[in-house]
Amino acid sequence: MKDLFTIALVWSTIRLATPLVLAALGGLFSERSGIINIALEGKMLAGAFTAAAVTYAADAKLGLGPASPWLGLLAGMGAGLLIAIIYAVVCIRYKADQVVSGTAINILMLGVPGFLSGAFFLSSGSTPQIPKEQLIPTTPIMIALALVPITWYVLYRTPFGLRLRSVGENPEAADAAGVSVARMRYAGVLLAGVLAGIGGAYLSIGQSSLFTRNMTSGRGFIALAALIFGKWRPVQTMLACLLFGFTEAISIQMQGVVKFGGEDIPVQFIQMVPYLLTIIVLAGFIGSSRPPRSLGIPYEKEK
Amino acid sequence: MNLLRQLLFPMIAVAAAFLVGGIMVLIVGDSPFEAYRLLLGSALSWPDGIGYTLFYATPLIFTGLAVLVALRCGLLNIGAEGQLYTAAFATAWVGIKLAAFPSLLLVLLCCLTAIVVGGLWGAIPGVLKARFGSHEVINTIMLNFVAVALVSYFTQYYYKIPGDPILQTVPVSGGAHIARLGKFIPGLPERIPLNLAFIMALLACGFVYLFLWRTKWGYEIRATGANPTAAEYGGISVRKQIILAMAVSGALAGMVGINEVLGYRYRYYDGFSANYGFTGIAVALLGRNHPAGVLLSAILFGMLIRGGIFVDAFTNNVTKDLVDVLQGMVILFVAAEALFRGPFGRFGLLKRSKV
Chain A
1 MKDLFTIALV WSTIRLATPL VLAALGGLFS ERSGIINIAL EGKMLAGAFT
51 AAAVTYAADA KLGLGPASPW LGLLAGMGAG LLIAIIYAVV CIRYKADQVV
101 SGTAINILML GVPGFLSGAF FLSSGSTPQI PKEQLIPTTP IMIALALVPI
151 TWYVLYRTPF GLRLRSVGEN PEAADAAGVS VARMRYAGVL LAGVLAGIGG
201 AYLSIGQSSL FTRNMTSGRG FIALAALIFG KWRPVQTMLA CLLFGFTEAI
251 SIQMQGVVKF GGEDIPVQFI QMVPYLLTII VLAGFIGSSR PPRSLGIPYE
301 KEK
Chain B
1 MNLLRQLLFP MIAVAAAFLV GGIMVLIVGD SPFEAYRLLL GSALSWPDGI
51 GYTLFYATPL IFTGLAVLVA LRCGLLNIGA EGQLYTAAFA TAWVGIKLAA
101 FPSLLLVLLC CLTAIVVGGL WGAIPGVLKA RFGSHEVINT IMLNFVAVAL
151 VSYFTQYYYK IPGDPILQTV PVSGGAHIAR LGKFIPGLPE RIPLNLAFIM
201 ALLACGFVYL FLWRTKWGYE IRATGANPTA AEYGGISVRK QIILAMAVSG
251 ALAGMVGINE VLGYRYRYYD GFSANYGFTG IAVALLGRNH PAGVLLSAIL
301 FGMLIRGGIF VDAFTNNVTK DLVDVLQGMV ILFVAAEALF RGPFGRFGLL
351 KRSKV
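Protein sequence lines correspond, in order, to chains A and B. Be aware that the first sequence starts at 1, since it is given in our numbering, and climbs by one per residue. Be aware that the second sequence starts at 1, since it is given in our numbering, and climbs by one per residue.
This is chain A alone, in the form it adopts within the complex (with noise of 0.2 Å):
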């Protein structure tokens, strides 16, 4: 057990936690403002694809060098933030099912890589390899570190944090007294979006150095869990994300079986953890996870 704590688990847990933090703080500001976001897995998947295909064109095909990957960044945020318009529009605009319509997006997102992939450099769902001096494999890392307290402070101490919130817990007030619900929502919605597509793109031009199919292997779904372990709050839902990529940096490093007081525990049942933590806390046996009160329900204004 003691040799399991090294600084090389320690550094891994952190680059694993990344774009979970990242992701889990933009649904936290979409969930604050009343809109659940099961597509975050569908924003990293476009961001993924769409920084490494930016990548990777900016510098073999323009010749742009080491300003690639920060246009490939750049265009990742674009791709979560179009992902976002949309689902945006259905369930604001539209009113459609939020966890139906994330569902579909997430289902798209699937597909849309691997079809553009497929005809743009005819590989069945994955990018060119990207140079190793093309990659950002730590401001990612800074971002999120920086995004806690920035969130936190934006939450908590702004007037526009104020309005998400209460827009999020209860709309018919936050309307009366002259918030636009719809407007907070987009706005919640789009961050969310630009976010995880920073989280998605750290994945392929940062952890990695190519998209490749389904990449983010259900970690939109981790970052969602995160953000229910966190109880929607900023910096616990950092800790989560810290607690999820940990779980994930020992089922790598161990590649098998985990020694624990000489007992052998298969990697599947620490893959398990960060699931059944959440569905612990959800049933309120740790403390009580409450949700924003209006999470999930559209908002139809009264005439």
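All clues stand as given, with none of them false.
Per the computed footprint, the stretches of chain A lying under chain B, defined by three or more beta-carbons under 8 Å from a beta-carbon of chain B, are:
#1 85–96
#2 102–108
#3 223–229
Beyond 12 Å from chain B on every Cβ pair, some chain A residues (computed):
#4 W70
#5 L74
#6 K132
#7 E133
Here's a subset of chain B near chain A, in silico, CB distances under 7 Å, partners left out:
#8 V28
#9 V137
#10 A149
#11 Y153
#12 N317
#13 A335
Keep in mind that the hints were calculated from the coordinates and are not lab data. Beta carbons: idealized from backbone N, C-alpha and C, even for Gly.
Could you slot chain B onto chain A? The hints should help.
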């Protein structure tokens, strides 16, 4: 007239999805007409096209029905994926362990296992919701991941052929196989894996219809879904209905295991489900939450899966990812029903509780 109205909206949604898909095909430089001709032509040819289309439709009928039963109770079951994985593994387990049993008994036991295990796995989020009020959407998503990890653990450590690079169990006993339909239908070769599970899927459609609309339980489930408060005042135990609906939903999803293990691969193959659980949501919604609609839309999606393979092979740039794109677009358009109804239409498909 009413039937026509019921059919009209799903057809508009499908047409809109095909339109967007067609534009995407055009963007990547292929002809949409050619792509769709390939898609439909290869899915409707006899016997291979139709055989495989119905084979691919089989798991989607089960998951579509699973989603439907939960939706009728006001619950969204995103956990069909986990339910069908646990059920399929348990089915294979029985097929391996009880190899000495006579064939008919073994098949019956295997089918029962699929139904019971899927039902139990589905009942967990039902109990969590009924007992603790925690939302079934989150819990079913989480349980999907738990199921995948659990089943992959058992497969890897206990039931794999040593040295097999593929994560799959040893084969089930020959007695646990169910017949392929080619055996009964002249002109349908037996190499096509369409099997008796398809007939069970058709029966399941009838069962779900009778269960929901002709039994007391079904009535209570629907009453709960329509208005839980009113149902509670009417003397219905909403908590009991939630658990019952989730268990029936899980049992239906679990029946995918019959098709996969007893009728197709004859073993548990890790990660076999091509998003059947999630596609089930599309199938149920497009099918207007009715068993007959589920059957039709499952066949449509079966056609897409079958045809997608040919589009992938015989166009220059279009890959079979087109199928995922079309499925995603269909759900999106069905969900955003109001898009086609104008500002005065009825908003939303379902009433949702909060997460």
